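Student: Sequence:
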Amino acid sequence: PDGMLQRLLERHRIKANLIVDPSDDESAADVIERQMAEFDVDLLIMGLYGRSRLQELVLGGVSRQLLNEMPAPILMSH
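In this text, residue positions in the sequence shown follow this note's numbering: the first is 1, and each later residue adds one.
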């Protein structure tokens with residue numbers, strides 16, 4: 001990540017932190033949940049992209065896992 005989104009948000013006076021947390025033994029959703037707890041996040045904002053129903057069924061989905069387990073509100077944009 002080059003920090004482009006972080007710079008865009010900061011230009012609009014929105015505090016943003018770029019966190020790179022590579023993990024081979026945790027799912028993406030688990031990493032996001034752990035980081036949210038560590039930083040005491042009030043709101044998760046995330047973008048979505050579409051996959052076929054079969055791909056979603058076979059592969060699961062980060063967004064689905066987060067929606068099922070997230071203790072904080074989530075704002076999603078597709």
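In short, the hints are calculated from the structure, not lab data. Everything numeric in this text was worked out from a predicted model, so none of it was measured. Just so it is clear, CB atoms sit at the ideal spot from N, CA and C, and this is done for glycine as well. Among the clues, some could well be false.
Unchecked claim - Per label pair, the in silico range of CB-to-CB distance:
id, residue 1, residue 2, range
1, 61, 13, 29 to 37 Å
2, 2, 45, 28 to 36 Å
3, 68, 11, 18 to 26 Å
4, 65, 42, 17 to 25 Å
5, 13, 68, 32 to 40 Å
Student: For every hint, state whether the structure bears it out.
Tutor: Hints versus structure:
1. 61 x 13: 29 to 37 Å: holds (33 Å)
2. 2 x 45: 28 to 36 Å: Taking Cβ atoms as reference, residue 2 and residue 45 lie about 19 Å apart, which means the hint is violated.
3. 68 x 11: 18 to 26 Å: violated (35 Å)
4. 65 x 42: 17 to 25 Å: holds (20 Å)
5. 13 x 68: 32 to 40 Å: 33 Å Cβ-Cβ, so the 32 to 40 Å window holds.
Checked against the numbered hints given earlier, this structure breaks hints 2 and 3; the rest are met.
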